[in-house]
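Those protein sequence lines, which keep their order, are chains A and B.
All the letters of the first sequence, read from the start, carry residue numbers 1 to 235 under our numbering.
All the letters of the second sequence, read from the start, carry residue numbers 1001 to 1235 under our numbering.
Simulated from the structure, these hints should not be mistaken for lab results.
Built from N, CA and C at the ideal position, the CB exists for glycine as well.
Be a bit skeptical, because a hint or two may be false.
[Stated by the list, open to error] Non-contacting residues of chain B with respect to chain A, defined by C-beta distances greater than 12 Å in every case (computed): (1) 1032; (2) 1045; (3) 1113.
[Claimed, not checked] Computed spacing ranges between beta-carbons, pair by pair: (4) 1229/B / 4/A: 50 to 56 Å; (5) 4/A / 1004/B: 51 to 57 Å; (6) 159/A / 1078/B: 21 to 27 Å; (7) 1181/B / 187/A: 30 to 36 Å; (8) 120/A / 1046/B: 48 to 54 Å; (9) 1052/B / 4/A: 37 to 43 Å; (10) 4/A / 1021/B: 46 to 52 Å; (11) 1135/B / 37/A: 54 to 60 Å; (12) 1194/B / 38/A: 41 to 47 Å.
Number of protein chains: 2
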Amino acid sequence: MAELARPDVVEVGARRGSLVDEAYAALKQAIRDTDFPPGYQGSEQEIAVRLGMSRTPVHEAIIRLQEDGLVRVLSKRGVLICPLAPQDIREIYEVVIAVESMAAELLAGLPEATRATAADELEAATAAMDATLAQGDLPGWAEADELFHRLLVEHCGNGRLRRIAQTVTDQAHRARMLTLKLRATPTGSAQAHRTIIAALRAGDAAEAHRSARGHRVAARDEIVPLIEHIGLRQL
Amino acid sequence: MAELARPDVVEVGARRGSLVDEAYAALKQAIRDTDFPPGYQGSEQEIAVRLGMSRTPVHEAIIRLQEDGLVRVLSKRGVLICPLAPQDIREIYEVVIAVESMAAELLAGLPEATRATAADELEAATAAMDATLAQGDLPGWAEADELFHRLLVEHCGNGRLRRIAQTVTDQAHRARMLTLKLRATPTGSAQAHRTIIAALRAGDAAEAHRSARGHRVAARDEIVPLIEHIGLRQL
DNA sequence: CCCATTTATCTTCCATGGAAGTTTGCATGG
DNA sequence: CCATGCAAACTTCCATGGAAGATAAATGGG
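Please take these sequences and the hints and turn them into a complete structure.
Below, the structure written as structure tokens:
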């Protein structure tokens, strides 16, 4: 395994971040990209030398990652990159369903100007989905789709909801990258997104909730059985 | 401010917890009980001497508390006990609405035996609410009510949902204790709880969702305006 | 050869000291 | 009296060493 990426030593003019933040960001990224594969078990010392820092900031970053549910520290035995079982994917989707439907509902209840701005951005993200899909650029499509859902919660005006969504999205990222290749090309998503956007523009909170929820329920009912079917114990 | 409570040094036969866990639990409790008042700013060193341990475990416990949203560490200036603005209470209630309605829905979809067990416990908690209220024991009522809602998410089978609910409940605890004295005696809650329980016993997921949601929406629409009205800037 | 026991090695856990940064209070000059 | 510079006192931040515990390896007895 190669040396871990880490933001260049000095960014002139930028706010100086602590080593803990650096370690946290680098580790999170490494886990997302399966640079540390799920189930991998290593020591803080090892990670520290790879990041070129002492054990302390790594230790504290790992505490935060553990709180995020990405790793577990086994007392006196090292840190474990949490593998995800099909049951975990189900749990994550259930949280996403609850959180995003509420976010859509809240956004639909905000002032018209706010809704319009958000809807424009959401529309752009959806357009990007169509464009990338037309070119067969599946990773690009996934990125645009993820952007749509992130924008939805970021504009809902509830920071706690946003943070929860970000946390579970981080957890689900690996599974998402996997299923992207497995399932059929996702042509229906853009249409579902436009239904949500229309409800937001209309300020129809109930319909926004209903359509956002339906979109994620459909995703769960497609993805979870898929993962369970291929008999994957963990990922 | 007196010395902080801390589980007695040795509990024979019990699993030995780390000092970090001790500090985390003690601090969380102290914040809940406003032993550290909201807005209070202190140093890790000070907390360490009160807990009779070194700075390190306190520092790490505070990282976890920060992740929970209970404190913020201001670089080189100490740790701040997060005060809650009315807007925060609103955010918290919105999360609770989303999480608990989903939990009720999930629980209603579980096997009959599981639902029956949960319903029995929920019924007991609701009965305790009636009993305490009849005696004018408001703190006792609050405890029974909190138990009901905790049981609901604990039996829903989704650990992540449970954890999220626990986190926001911890945040809201101070506000909850305050409004308990301000608003009228909450006689309607027990009835709403029984509606939820009936839906759970019937295995009616949609109705469980609807009733659980309605119960928390009503709470939000009562509590949030109340807090905003009395002009409280923070608590 | 197999199993129990001991030993060695690796790990987190915790304490402590020094470095860097922030704030506070005081002295000094106007 | 007020503003300004400066120094002293705190604060977190990070490094490092030792202690306690867990695992794996080695060793000895059957």
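For each hint, the structure was consulted:
1. 1032: holds, 18 Å
2. 1045: holds, 17 Å
3. 1113: holds, 19 Å
4. 1229/B / 4/A: 50 to 56 Å: With a Cβ separation near 52 Å, residue 1229/B and residue 4/A satisfy 50 to 56 Å, so the hint holds.
5. 4/A / 1004/B: 51 to 57 Å: violated, 39 Å
6. 159/A / 1078/B: 21 to 27 Å: Holds, at about 23 Å.
7. 1181/B / 187/A: 30 to 36 Å: Between residue 1181/B and residue 187/A, where Cβ atoms are some 56 Å apart, the hint is violated.
8. 120/A / 1046/B: 48 to 54 Å: With a Cβ separation near 50 Å, residue 120/A and residue 1046/B satisfy 48 to 54 Å, so the hint holds.
9. 1052/B / 4/A: 37 to 43 Å: Since the Cβ atoms of residue 1052/B and residue 4/A sit about 38 Å apart, the hinted range of 37 to 43 Å holds.
10. 4/A / 1021/B: 46 to 52 Å: violated, 29 Å
11. 1135/B / 37/A: 54 to 60 Å: holds, 58 Å
12. 1194/B / 38/A: 41 to 47 Å: At roughly 44 Å between Cβ atoms, residue 38/A and residue 1194/B fall inside 41 to 47 Å, so the hint holds.
Checked against the numbered hints above, the structure breaks hints 5, 7 and 10 and satisfies the rest.
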